[in-house]
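J.: Take a look at the letters that make up each chain.
Number of protein chains: 2
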Amino acid sequence: MVGTGCSGTNAYRYGTMREWVLSLTVVLADGTVIKTRQRPRKSSAGYDLTRVFIGSEGTLGLVTEATLKLTVRPQSENVAVASFASIQNAAECVTKVVEAGIPVAGVEILDDVQMKCINASQTTSRQWKESPTIFFKFTGTPSAVKEQISMVQKLAANASGKSFEFARGAEEMKELWSARKQALWSVMAMRRGPEDRVWTTDVAVPMSRLPDIIDATKEDMTKSGLLAGICGHVGDGNFHAIILFNESEKKVAEGVIHRMVKRAVEMEGTVTGEHGVGLVKRDYLAHELGETTVDAMRRLKLAFDPLRLLNCDKVIRTEQPAPGEIKEW
Amino acid sequence: MVGTGCSGTNAYRYGTMREWVLSLTVVLADGTVIKTRQRPRKSSAGYDLTRVFIGSEGTLGLVTEATLKLTVRPQSENVAVASFASIQNAAECVTKVVEAGIPVAGVEILDDVQMKCINASQTTSRQWKESPTIFFKFTGTPSAVKEQISMVQKLAANASGKSFEFARGAEEMKELWSARKQALWSVMAMRRGPEDRVWTTDVAVPMSRLPDIIDATKEDMTKSGLLAGICGHVGDGNFHAIILFNESEKKVAEGVIHRMVKRAVEMEGTVTGEHGVGLVKRDYLAHELGETTVDAMRRLKLAFDPLRLLNCDKVIRTEQPAPGEIKEW
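Sequence order for the protein chains is A and B. Going by this note's numbering, the first sequence opens with residue 1, and the numbers climb by one from there. Going by this note's numbering, the second sequence opens with residue 1, and the numbers climb by one from there.
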């Protein structure tokens with residue numbers, strides 16, 4: 001969790017996981033142990049070391065302890081599922097929900113391919129409409145949840161929603177959310193044999209560009225002939241691609257992902273919203289942020305780990321790459 | 001704003017200002033210009049340079065541009081004012097509100113001295129009860145705001161609240177919030193002459209310790225004989241002391257603040273919640289965070305500004321202080 005910004009679900013109301021971290025205990029490369037911060041909810045005492053280490057993927061220090069904010073379990077919660085004829089209609093609905101300031105606790109989109117996989121894999125106990133589907137989560141007092149559902153239902157209908165169903169009781173709530181939960185596993189269940197692998201990766205863009213990038217990426221995926229679904233944290237402009245491939249299809253899968261990342265950067269987006277950089281996305285950073293910013297990150301790395309002991313050359317190359325060494329854009 | 005974590009009002013629902021910053025353009029000490037991040041709401045692309053520069057008080061680079069998240073203006077808002085016999089009662093009310101998960105947009109406390117100053121200075125158009133007072137702000141749909149007010153009213157009554165008033169209309173809302181707005185100015189208006197100065201400073205503690213530290217600090221302030229009020233962002237465990245003093249009272253004021261800061265650290269708190277470190281609180285950092293953490297901050301400073309050109313020796317001393325150089329605790 002500390003390694004990525006992954007929220008598991010949409011972060012629209014509750015913020016990303018990193019915002020819930022108050023302080024970290026970290027072992028530095030030279031063995032020094034530091035605690036980044038005390039535990040009040042607010043502090044301006046020196047530099048924000050907590051956030052320096054969150055998402056640094058083990059390259060700056062080893063996190064051995066984390067202090068998190070607590071929150072209150074909501075009095076009431078519910079789930080609704082809405083299906084749409086197109087991704088555009090679904091995205092339009094989300095935009096309206098956000099513009100109305102409805103404090104939904106989650107807004108997740110699954111595309112038609114993803115819904116087909118869930119039906120085919122029988123990982124949930126019901127059959128779903130095989131069209132772009134939004135999963136909403138609501139929390140608050142019982143009357144606030146009821147009000148939010150009724151507002152969202154109207155907005156979904158206005159956006160040419162094909163169906164809207166909300167749970168009546170805890171069992172139905174679990175059932176409705178199950179498809180969202182099974183997204184990844186349902187694609188894994190479609191493996192044709194032991195040589196098949198599943199590639200999951202993510203990007204994020206400004207919210208207004210999400211329908212465009214999902215559209216273009218879906219078109220590219222269809223052309224590729226691969227089994228590839230999309231699952232998105234729509235309230236954050238963040239989505240995941242889940243692609244099934246074998247060794248002979250690897251180059252094709254790489255091409256789809258490379259173009260998805262390039263598209264995200266061209267839309268003022270980021271090469272990864274949650275998953276992190278690692279080795280595969282390392283050389284994309286300069287395209288997203290510029291070489292001077294990557295160089296500033298390199299200074300940070302070398303300040304904390306001058307001997308390059310920790311996960312060396314992950315996230316950023318510790319030496320500036322030679323001209324031509326970085327992958328063609 | 002970028003220099004501090006100050007939220008202007010309580011951050012309970014909306015988070016601190018720093019959480020609203022998506023990216024910064026920064027000029028580094030060597031003249032390099034970097035942009036820390038693109039503008040999606042979520043990114044895991046490399047180290048979090050945005051948060052490295054926020055709150056660095058000009059010691060790591062010069063911020064020339066900031067990209068902020070937008071939010072929706074709430075459909076409806078309202079304000080309520082509740083007075084209590086004691087700070088304990090007021091704090092008890094806030095704890096209950098937080099425990100009930102009521103998503104109030106603001107919870108601000110003003111102590112009896114602060115309320116007296118507001119009456120005496122006539123900076124607002126009405127006379128207030130001169131007892132510890134909580135100002136609540138509510139936002140949401142009209143029915144959600146109504147529901148929140150009714151829940152908070154009940155909790156205030158259960159905590160032996162002496163009065164509870166909510167606004168009926170925009171004019172009353174402005175009037176009720178005016179005392180909160182005038183807190184600082186009302187103390188300034190009490191200056192006995194041009195030689196009088198006003199010292200504002202802040203600390204933060206875990207929320208459960210807030211009544212204890214306010215209590216002890218008030219007792220100390222009363223003993224000091226100075227005019228000194230307390231104004232707190234209760235939902236964050238953060239409060240401000242506002243002290244009127246002249247040259248001959250300066251040592252006494254310093255003593256009050258020194259003991260307040262020490263108390264905060266002893267309660268696992270922070271030497272500053274919003275105002276920042278500067279020069280005055282620099283030597284407190286080692287007491288709060290430990291010397292190894294301050295040394296990690298020093299590494300960060302020297303990585304970005306090896307020639308010590310930017311606001312040198314603010315926040316942290318760029319050279320490790322000699323034994324005995326740091327103020328006695």
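What the hints contain is simulated information worked out from the structure, not anything from laboratory work. Among these hints, one or two may not hold up.
Copies of one chain are not kept apart here, so a pair can be met inside one copy or by any two copies together.
Stated by the list, open to error - SDA-like, lysine to any residue: derived pairs with alpha carbons at most 20 Å apart:
#1 LYS35 / THR292
#2 LYS116 / LYS251
#3 LYS251 / GLN88
#4 LYS96 / THR141
#5 LYS96 / PRO74
#6 LYS116 / LYS223
#7 LYS69 / GLY15
#8 LYS181 / GLU171
#9 LYS251 / GLY225
#10 LYS162 / LEU68
J.: All the hints need checking, so say for each whether the structure fits it.
T.: Hint-by-hint comparison with the structure:
1. Within a single copy, LYS35 and THR292 get their C-alpha atoms only as close as 30 Å, which misses the 20 Å cut-off; across copies the closest is 8 Å, which meets it.
2. Within a single copy, LYS116 and LYS251 get their C-alpha atoms no closer than 25 Å, and across copies no closer than 74 Å, so neither meets the 20 Å cut-off.
3. In the homo-oligomer, the alpha carbons of LYS251 and GLN88 never lie at most 20 Å apart, since the shortest distance is 30 Å inside one protomer and 66 Å across protomers.
4. In this assembly of identical chains, LYS96 and THR141 lie within 20 Å of each other by CA distance solely across copies; the values are 15 Å between and 23 Å within a copy.
5. Taking the shortest alpha-carbon separations for LYS96 and PRO74, only the inter-copy value of 14 Å comes in at or below 20 Å, while the best intra-copy value is 24 Å.
6. Taking the shortest alpha-carbon separations for LYS116 and LYS223, only the intra-copy value of 18 Å comes in at or below 20 Å, while the best inter-copy value is 73 Å.
7. With identical chains, the CA atoms of LYS69 and GLY15 are at most 20 Å apart both within one copy (12 Å) and between copies (12 Å).
8. For the homomeric pair LYS181 and GLU171, the shortest alpha-carbon distance inside one copy (15 Å) is at most 20 Å, but the shortest distance between copies (48 Å) is not.
9. Proximity of LYS251 to GLY225 under the C-alpha cut-off of 20 Å is restricted to the intra-copy arrangement: shortest distance 13 Å within a copy versus 77 Å between copies.
10. Taking CA atoms no more than 20 Å apart as the test, LYS162 paired with LEU68 passes in neither setting, with 41 Å inside one copy and 35 Å between copies.
Hints 2, 3, 10, counting from the list given before, are not met by this structure.
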